[in-house]
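Given the coordinates of chain A, assemble chain B onto it according to the supplied hints.
Chains A and B supply the protein sequences, listed in that same order.
Numbering (numbering that gives the first Met the number 0) for the first sequence: 0 to 153.
Numbering (numbering that gives the first Met the number 0) for the second sequence: 0 to 117.
Rather than coming from a laboratory, the hints here were simulated on the basis of the structure.
Check before you lean on any hint, since a few could be wrong.
Restricting the straight-line Cα-Cα distance to at most 35 Å, the calculated cross-link-like pairs of lysine-lysine (DSBU-like) are [said to hold, decoys possible]:
1. 71(B) - 2(A)
2. 6(A) - 38(A)
3. 2(A) - 38(A)
4. 60(A) - 6(A)
5. 60(A) - 2(A)
6. 60(A) - 38(A)
7. 71(B) - 48(B)
8. 6(A) - 48(B)
9. 6(A) - 71(B)
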Amino acid sequence: MTKMTLKTEGDTHIVVTRRFAAPPEAVYRAHTEPELIQKWLLGPDGWTMPVCICEARPHGKIRYEWTNANGGGFHVTGEYLELEPYSRIVHVERMHLPDPTPDNHVETRFEPDGGGTLMTMRMTLPDPETRAQMLATGMERGMEASYVRLEGII
Amino acid sequence: MSTLDAAFSALSDPTRRAILARLAQGETTVMELAAPFEMTQPAISRHLKVLERAGLIVRRVEGTKHPCRLAKAGIDPIDQWLAMLRDALARNYDRLDDLLAEMQPATRKPVNRKDGPK
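Chain B extracted, bound-state conformation:
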């Protein structure tokens, strides 16, 4: 699986998206992360493992705590992909502008030659 595939796969779960939203506010311990969810700590840990494998978060050990934070290296490709998607769409419409400019004469009512130019 490519990095992006792993990232999107990780993002397809609402709990994991909520975890990422929480982590966007700053480093958080597993216990703090588990608090708002009706989930056991091991269940949250499983989600964190998926996010970690996808490169979206990093965990460190601080005594018995395991604070998590977003991994810039994993988030950046998603941002870039998103920018690419938007750019591709914008590029399409820029091309359509050119095409429409070419089409303009054809969409006007054809001039009847017999009448001559007006």
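Same shape as in the complex, but just chain A:
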């Protein structure tokens, strides 16, 4: 399956694309309605999202809290900037580990694609260093394994 791509772009962007077999309206709703988000935005198996605040309007707050059975946990906070149902979401987010990471500016587009949806999520980090820390790219030139994993199609 080569459904998802994850690529770096320029010095500060990360672009993820993914196709879904559902119309943009459904995919958009799954990104903006808390009770839907809590069912899939969970990361590795074993994690749950007990707290999901998601005020889908400009200046609305975002707060996702994750936890696992071992008592581990962390959270993300953010704000919505723009929402265009059912085609586009712009928001900023930061992880708290527990210190906040620099703001990640995220634009997510949902385009009709046949009977489904092509989602394009474009993240913009404040500087190349932050992106490196986020993705551990660092070694753009030469580090084959990382290079293939980052730039290649998954």
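Below, chain B alone, put in the same frame as chain A:
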């Protein structure tokens, strides 16, 4: 600091990333490493010390030379972490596929019972 924390902290500096990129091409001496940078050898040595402490490179002594190379043991966890990040993202979207499949009937226009099935 965990191994990964030390590794990411070491990676947050552009000079150190450039050093690692150079070392990815093979073992290199400190003098050769310093050449492309507008930096003194002691400054480069300080960067190398950070990379060495983070377990990303190993240095050996060969006479007066100190060749450096990448440390597989230090690089592997970063690769694994990266694979985990990608897998977690892919796993999220696989779950979303399932959720969307469940949602499909609800997003269709509701059938008006009075009209009966078409």
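Exercise. Given the hinted pair residue 60(A) and residue 2(A), is their alpha-carbon gap at most 35 Å?
Worked result: Within the cut-off at roughly 30 Å; holds.
For this session: Mind checking the alpha carbons of residue 60(A) and residue 6(A) for me, to see if they're no more than 35 Å apart?
Result: holds (28 Å)
Problem set entry | Restraint check for residue 2(A) with residue 38(A), where alpha carbons must lie at most 35 Å apart | Holds - the C-alpha atoms of residue 38(A) and residue 2(A) are around 20 Å apart, at most 35 Å.
Exercise. Going straight from one Cα to the other, do residue 6(A) and residue 38(A) come out at no more than 35 Å?
Worked result: Roughly 26 Å separates the two Cα atoms, so the pair holds.
Exercise. Keeping to a limit of 35 Å between CA atoms, is the pair of residue 6(A) and residue 71(B) held or broken?
Worked result: OK: residue 6(A) and residue 71(B) at ~24 Å, within 35 Å.
Exercise. Is the Cα-Cα distance between residue 6(A) and residue 48(B) 35 Å or less?
Worked result: Since the Cα atoms of residue 6(A) and residue 48(B) sit roughly 31 Å apart, the hinted pair holds (cutoff 35 Å).
Exercise. Between residue 71(B) and residue 48(B), does the CA-CA distance stay at or below 35 Å?
Worked result: Distance of about 17 Å is within 35 Å: holds.
For this session: Mind checking the alpha carbons of residue 71(B) and residue 2(A) for me, to see if they're no more than 35 Å apart?
Result: holds (30 Å)
For this session: Below or equal to 35 Å on CA atoms is what counts here, so check residue 60(A) against residue 38(A).
Result: Between residue 60(A) and residue 38(A) the Cα gap is close to 19 Å, so the pair holds against 35 Å.
Checked against the numbered hints listed earlier, the structure breaks none of them; every hint is satisfied.
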